[in-house]
Amino acid sequence: MPMKIGTENFKERVDSGIQNDFMRAAVSGAQERLHGRRLAAAEELGNWEEWRSHGEEIRQHVLENLDYYLDQLAENVVKLGGHVFFAETAEDANTYIKEVIQKKNGKKVVKSKSMVTEEINLNAALEEVGCEVLETDLGEYILQIDEHDPPSHIVAPALHKNKEQIRDVFKEKLGYTKTENPDELTAHVREILREKFLHADIGITGCNFAVAETGSISLVTNEGNADLVTSLPKTQITVMGMERVVPTYEELEVLVSLLTRSAVGQRLTSYITVLTGPKQVHEVDGPEEFHLVIVDNGRSKILGTEFQSVLQCIRCAACVNVCPVYRHVGGHAYGSIYSGPIGAVLSPLLGGYEDYKELPYASSLCAACTDACPVKIPLHELLLRHRQVIVEKEGKAPISEKLAMKAFGLGAASPMLYKFGSKIAPSAMSPFTTGTSISKGPGPLKAWTESREFPAPNKERFRDWFKSRDKEGEKS
Amino acid sequence: MKVTLFSTCLVDMFQSNVGKATVEVLERLGCVIDFPESQVCCGQPAYNSGYVNEAKEPMKRMIETFKDAEYIVTPSGSCAAMFKEYPHVFKGDEKWEQKAISIAERTYELSQFIVDVLKIEDVGARLEGTAAYHTSCHMTRLLHVTDAPFTLLKHVKGLEVVPLPGAHNCCGFGGTFSVKMGQISEQMVDEKVMSISGTKADYLIGGDAGCLINIGGRIERKGMPIKSMHLAEVLNSR
Amino acid sequence: MTGIIQNRDVFMKNIASQYGRTSKKEVKRPQWVYRPQDEVMKSASTDDLLFVLKEHCKRIHTDFYQTSVSNLPTTLRYVINEFGGGRIILPKDDRFMEYGLSESMADHHVDVWDYTKGRENIKLAEKANIGITFSEITLAESATVVLFSDRNKGRTVCMLPKTYISIIPKSSIVPRMTQAAQLIRGKVETGEILPTCINFITGPSNSADIEMDLVVGVHGPVRAAYIIVEDK
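Residue numbers (this note's numbering), protein chains in the order written: chain A, 2 to 477; chain B, 9 to 246; chain C, 1165 to 1396.
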């Protein structure tokens, strides 16, 4: 799956999202549960704001010195006998990974969940050269066997599917015969994947955070699939976004704590696995060969710009889980594997405005995302910056809007024009007015009045009232 | 105490009752109200749509208008938050940055002003019934005013404020978002209205005219027996 | 054996040029302004920590036992039976002898990790019903055990068997991951080579990927138990 998903345009995607009742029930239910859990997990620490500030300062420091820490990381990885490949593009990364696998004559690949490998469309590249690539995260596996249905959430990729749908997919694709009970569905997958783990020759993982000082990579899961992916195959390839590095174990600890609490409201997830180099000589499990692929793919262009803070992201999806827009349209409406507020900020940066120009507007700027972010990315402000770029630099705003805003600038700035405009508003709107409200508005108001009444302008504006009252006061 | 009122354009044009109530409440609490006629819009519609340059003109006008005010009070969390954003907008602008900081420092949302500056919790209001309070996003998350409205409502005689499920969710107004993304906005306001209706409250109270026009407009369209009132109107009820 | 780094220079140049500077060769790790992690359970006693750990076990679906050194064999036997007995896999760890635990497992088939047998160990772990290890560091806050891999302590002892038992010396308990990170970093600073795998394990494997409903037992153990043992 590349970053871009689906072929429909934004409007069509929103339509199908809004009409998908199951998905919406699933998403709103998940949001409610996670909301409570996340708040509780943050609150019990007592000083959550300090944690956020600490997370922010760590991430900012790393980004400012990213070349230093990546260099240190790479040096430490090779000291341990691992290999490091710096990939400027998705293609570079895929080519390198294919070469490694072909050299090992690898055929059976098991993967643990990784957004960056989705972003570079690694699975397709490997399948082209005849590999069997298997996702082992339960949610990813469900999507993969369902004809590569795209993920709709960065932490819970199959959030848009209900258990009945999953049962039906299992019946069709896996010859499953039991019920839609999640325990039974999961047990079935356990059986299938256990066999696959034992016979895989290549393990591919993402990387939650790499530790520069020790050349380690960390993997955060609840299922434990990443542990098997990195224990059983003889070759391990880890793919990481270039920004996912921390100086030492001590910062790793802080970011992991922020991640698990923000993502799922857990103090820690079931498995936090920190791997340092390939296995040692007499160790039995663990990879003989370890490759770390560090991916740029458009990230470095964000450094040093007004959007830099988006690279602070630790992919916890807390912003997604509080977003009221995501709640109603679902992940697929974003047209990107990165959905929700973080997706609306990141997708145009990595994928360009042409494909993602609507996303920055798919926000009421309610700032719930900014509030939820554990590393203090000012997400709603970055959405605003995008809008500004679209208007000023990209020239992608509609002409009618530009004219209206020009008029706004003139009209609202001039007390005389403002007063005139607001004075004539009631008569201008009178053809559309019944009583005190407008049920069928003209122009842009149409979108409003399709679902709501709009108030008719007051015949006596507040300022008229205030003035006449003053005069009366003077008289008495 | 002299208060310079920033009415907001929504109140000026569409909700003049809210402006009147604001004036009457503040006067009752001993304030002298000034309303500078040269005030226009705070620039938020253009600013939030990405038209920063277009927004700067009305912003400058507002800075000039309020430059001598001692306390700038507005019955809107969102518009107050916009004033607080001015220093950011004019950052590095030699002529305007200091002035922007200066007016941002003197700006208060109505309930914040009453509770934090006037130090009054009971304004002597009375309103019979139950109410759901909509915590508007900009007031809570940008202006960080969270307790003041509840403090004031608690002392309104005869009024019981009931908890509103999903209170943290936006009502779907979002200024131009409500028309630009009308379809999504509709889903959001619909959910908000359903949760309000589920509380069986007689009133929907809020501190931002934009949200109230949005939620109230949906309530009216659905013909629900819920009356929407601005906080100022509630505080002015006797 | 040193590995290879490819394509580094141009990559680093891209970063530096975005910042309009040359490559950073020396960066001092800053004194952080915030250190909230030090405040968590700052003045808690070991018994306070034990209480926190015990309470949290309820939330992570993990059975909790507390016992003395002399009763450990009995407790372990009990837990093994609770988990249905069957084949057991252990790391090669002298502590099993020191605590006199072989009698607890006498009724069952026990395999001990033996690196000279190579990947055969993995097959044995896969066949086992129960994996048992000692915790090196134990985090009270999250009820987490920490395992260090080496040639005698295979990574999959705690992953492949159907169930997992962790024996936790009371002295291994620290407030939270902060102290574990400091301990591990201490090793780095004294030049010690880190274990290739350090695993922070919190209860059994689980997933909420289907309708956000928690399912316990996905790829790893489906049940887990902790046995806290008073130190000798």
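No lab work stands behind these hints, which were simulated from the structure alone.
Predicted model, so just to flag it, every value in this text is computed and none were measured.
Every residue gets a Cβ at the ideal spot worked out from N, C-alpha and C, and that includes glycine.
Take these hints with a grain of salt, some might be off.
What the hints assert, rightly or not - The calculated DSS-like cross-link candidates involving lysine-lysine, where the alpha carbons are at most 30 angstroms apart (straight line), are:
#1 Lys105(A) x Lys1287(C)
#2 Lys1188(C) x Lys377(A)
#3 Lys394(A) x Lys28(B)
#4 Lys472(A) x Lys28(B)
#5 Lys105(A) x Lys1188(C)
Unchecked claim - Each pair of labels, with its calculated beta carbon distance range:
#6 His152(B) x Gly176(A): 32 to 38 angstroms
#7 Gln106(B) x Gly1184(C): 55 to 61 angstroms
#8 Gly1184(C) x Asp155(B): 57 to 63 angstroms
#9 Glu92(A) x Gly1282(C): 37 to 43 angstroms
#10 Gln1170(C) x Thr8(A): 18 to 24 angstroms
#11 Glu181(A) x Ser1209(C): 56 to 62 angstroms
#12 Thr1186(C) x His152(B): 28 to 34 angstroms
The hints, checked one at a time:
Annotation: proposed proximity of Lys105(A) to Lys1287(C) holds, straight-line Cα distance about 23 angstroms (limit 30 angstroms). Restraint check for Lys1188(C) and Lys377(A): the C-alpha separation of about 26 angstroms stays at or below 30 angstroms, so the hint holds. Restraint check: the Cα-Cα separation between Lys394(A) and Lys28(B) comes to about 43 angstroms, which exceeds 30 angstroms; the hinted pair is violated. A hinted pair counts as satisfied when its Cα atoms are at most 30 angstroms apart, and Lys472(A) with Lys28(B) qualifies at roughly 15 angstroms.
For the hint pairing Lys105(A) with Lys1188(C), the CA-to-CA distance comes to about 36 angstroms; that exceeds 30 angstroms, so the pair is violated. Look at His152(B) against Gly176(A): about 57 angstroms separates their beta carbons, and that is not inside 32 to 38 angstroms. Restraint check, Gln106(B) to Gly1184(C): a C-beta distance of roughly 29 angstroms breaks the suggested window 55 to 61 angstroms. The beta-carbon spacing between Gly1184(C) and Asp155(B), approximately 46 angstroms, falls outside the hinted interval of 57 to 63 angstroms.
At roughly 38 angstroms, the beta-carbon separation of Glu92(A) and Gly1282(C) lies within the given 37 to 43 angstroms, and the hint holds. A beta carbon spacing of about 36 angstroms between Gln1170(C) and Thr8(A) contradicts the range 18 to 24 angstroms that was offered as a hint. One distance hint, 56 to 62 angstroms for the beta-carbon pair Glu181(A) and Ser1209(C), is violated here, with the actual separation near 48 angstroms. Under the hint 28 to 34 angstroms, the C-beta atoms of Thr1186(C) and His152(B), about 42 angstroms apart, miss the expected range.
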